[in-house]
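A.B. asks: Below are the chains, spelled out letter by letter.
There are 2 protein chains.
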Amino acid sequence: MMKYGFSERVKYMKSSAVRDILKIINQGNIISFAGGLPEESLFPVEAVDKAFHKAVTTNNKALQYGETEGVAELRALLAERMKQKGLNRSAENILVTSGSQQAIDLFSRVMFNKGDIILTENPTYLAAIQVFDSYETNVVAVDSDDDGMILADLEEKIVSLKPKCIYVVPTYSNPTGKVWSLERRQKLLELANKYHVVIFEDDPYGELQFDEKEAPPSIASLDDNDLVLYTSTFSKTVVPAMRIGWIVGPHQIIRIMAQAKQATDLHTNSISQHALVHLLNDFDIDQHIQTIRETYYERMLVMKKLLDSVEIDGLKYIVPKGGMFFWVKLPEAINTTDLLNEAVKEGVAFVPGAPFYVSDPEQNTLRLNFTNSEPTLIEEGMKRFVKVLEATNINV
Amino acid sequence: MMKYGFSERVKYMKSSAVRDILKIINQGNIISFAGGLPEESLFPVEAVDKAFHKAVTTNNKALQYGETEGVAELRALLAERMKQKGLNRSAENILVTSGSQQAIDLFSRVMFNKGDIILTENPTYLAAIQVFDSYETNVVAVDSDDDGMILADLEEKIVSLKPKCIYVVPTYSNPTGKVWSLERRQKLLELANKYHVVIFEDDPYGELQFDEKEAPPSIASLDDNDLVLYTSTFSKTVVPAMRIGWIVGPHQIIRIMAQAKQATDLHTNSISQHALVHLLNDFDIDQHIQTIRETYYERMLVMKKLLDSVEIDGLKYIVPKGGMFFWVKLPEAINTTDLLNEAVKEGVAFVPGAPFYVSDPEQNTLRLNFTNSEPTLIEEGMKRFVKVLEATNINV
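For the protein sequence lines, the chains are A and B, in the order given. Residue 204 in UniProt numbering sits at position 204 of the first sequence, and the numbers go up by one each step. Residue 22 in UniProt numbering sits at position 22 of the second sequence, and the numbers go up by one each step.
Think of the hints as simulated: they come from the structure by calculation, not from any bench. Computed from a predicted structure; not experimentally measured. Check before you lean on any hint, since a few could be wrong.
No distinction is drawn between identical chains; accordingly, a pair holds when it is met within one copy or between any pair of copies.
[To be verified] Below are the DSBU-like pairs computed for lysine-lysine, each with C-alpha atoms no more than 35 Å apart in a straight line:
hint: 1; residue 1: Lys387; residue 2: Lys11
hint: 2; residue 1: Lys11; residue 2: Lys83
hint: 3; residue 1: Lys345; residue 2: Lys54
hint: 4; residue 1: Lys383; residue 2: Lys114
hint: 5; residue 1: Lys23; residue 2: Lys61
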């Protein structure tokens, strides 16, 4: 019964399938590879504590209402950090957001009309699809392989569908853990230039690479024509609870997004912003990120070893070069939603792959997170997983 | 030049006239009564510092991703505080938001379609109009007097326009400083029930009353039929930089708003939420609010004394019983936008009243904030203001 007259857009809003699964899983005594959480024991608590102490006690002005665009010192530091990564933009081109999720939402708000076409990979980041759906857009999948989108399919869809935007998570993607090759990045940009389509590059995991040499440049850093918006976050490198992300892009778009943000929440929590300023100044965040990388790499290898032990023809996965996830394909006869039910009975959980698809979901896929469990737990959980998997495979 | 194809709704987005004025004013050495800022020297820095220290160091789980609805302990404490104020709802009916501005935005997102009618007072809270405009709604003004909306006009407009919502700031309103009488609150609710219209009660200033006896009950606390949504904030009673507000309402609406929030920013900064839990448990916030009230009352009286010294027939103002603002009407010949130019030359600033109107702006109105300047500065600033005002009055 709809007692209240909700807006049309409510029909297009979906709760996150993953969040719904997590609620169930978190109730039991289950080893969970389902979430996308960073490792809590690595949180730099002492440094964060000092940074907040400084933010709260240094100047009462820091506790007052602040500017919608973000704390000036933080924007300057972000511009500096971006420059070190080859993305040369001024602080004027940066908007601080309440997590990078808000960057996706504000961008959508100022760009999309009902029915606009957005091209994405398939599968792609679930909560981006949720946002796009809520603006009543049409999200269309482009074929891709291990190196990124297939360029012929991309160009054909640009020409025939005239998309407003191409949304990509090109580096250690969620859910596939994939990395786009340099060539695909360049070619994507060439096509975007040729047809004047905006690219939205979502990069929450870019700093979590396992091998320094392998880190590809961001697509934004290759862009000379103001066609790429780039967003990232401190959720994976400091702590998620701060909810601080940022977006870098053409000033014209950033300015309008700031205007939208003003109506949305006035400005992002500025105690956290000032704390980040102190953290970036007083703490060796790059050394800290190196520790995160090493820890996650070790955990990835433990999970890989157990995955390699599975005796099932047709099981495929991509070896992650960074990020937080394994993406696993099973024989087509295995439905991973059914498999999850069995797995939970055995005390282990993952996320079925289907919800991450824009269209044509593959029911035989799943995502495993390796960052939020200690190696011994990964080993134990994966043994349970392999047991369930092999038992299921015999039965199908 | 529109290089990028923005969404239609961008046309309906306006930057805040007040924020634009503030940017200019903050550049000079001006005594400003223009903003709506709390007094910085009253910020409970020591208590906030302790609260953040506890929030960051007690449990790493508090630094992890959190629930969209808000930190459970905070929602329970809010339900308890609301109950003490006669608003008896469970934690399930509460959504923690990134400031009460976000509550207005999320509510609008799930309720309004293009062209929907919203009834408001005239003038009313500027940033609410901004949000409503961005959803392409039609905001229609209801006539009002010092006690609230005029009921005959309200009923006529409900019947003829079939509004989706009535938006009110009934207690120490921004910009008018007005308080609705108990009778008008009850009658508003009766009409809302009769015609089944949702009321959105925006109450950021309700705790800033100058006389304990005069505090009227919130409209939400009189509601037995799940028709009122009530939002408030800690921006005026703790610090604005935390950006923590909350909204209490029918579970059906709160649940859908939480779903919208999930796509918007996942969840509100949970370090600040946990800090607030500690603050509410360890610190006497009610005693602190009492200090704020006394300080603001004293400042209000200083400003009133100077306003009373003005020798201009036709100058009218409402004596604030709480909140942060004087709303002043001048003789019709005086345009307060022109007056502001003269005032700034003399080193004092206010906000012209026109931007706060939904329709038929009265150019001879202005808003004065008395909370963000010390008494001696109020005295000096008001002397400058009176000088400019009297000089202008002779010339018109």
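A.B. asks: Each hint should be assessed against the structure and marked as holding or not.
C.D. replies: Verification of the hints:
no.: 1; hint: Lys387 - Lys11; in the structure: neither (40 Å within a copy, 58 Å between copies)
no.: 2; hint: Lys11 - Lys83; in the structure: between (42 Å within a copy, 33 Å between copies)
no.: 3; hint: Lys345 - Lys54; in the structure: neither (48 Å within a copy, 38 Å between copies)
no.: 4; hint: Lys383 - Lys114; in the structure: neither (47 Å within a copy, 54 Å between copies)
no.: 5; hint: Lys23 - Lys61; in the structure: between (40 Å within a copy, 16 Å between copies)
Hint compliance for this structure: hints 1, 3, 4 are broken, all remaining hints hold.
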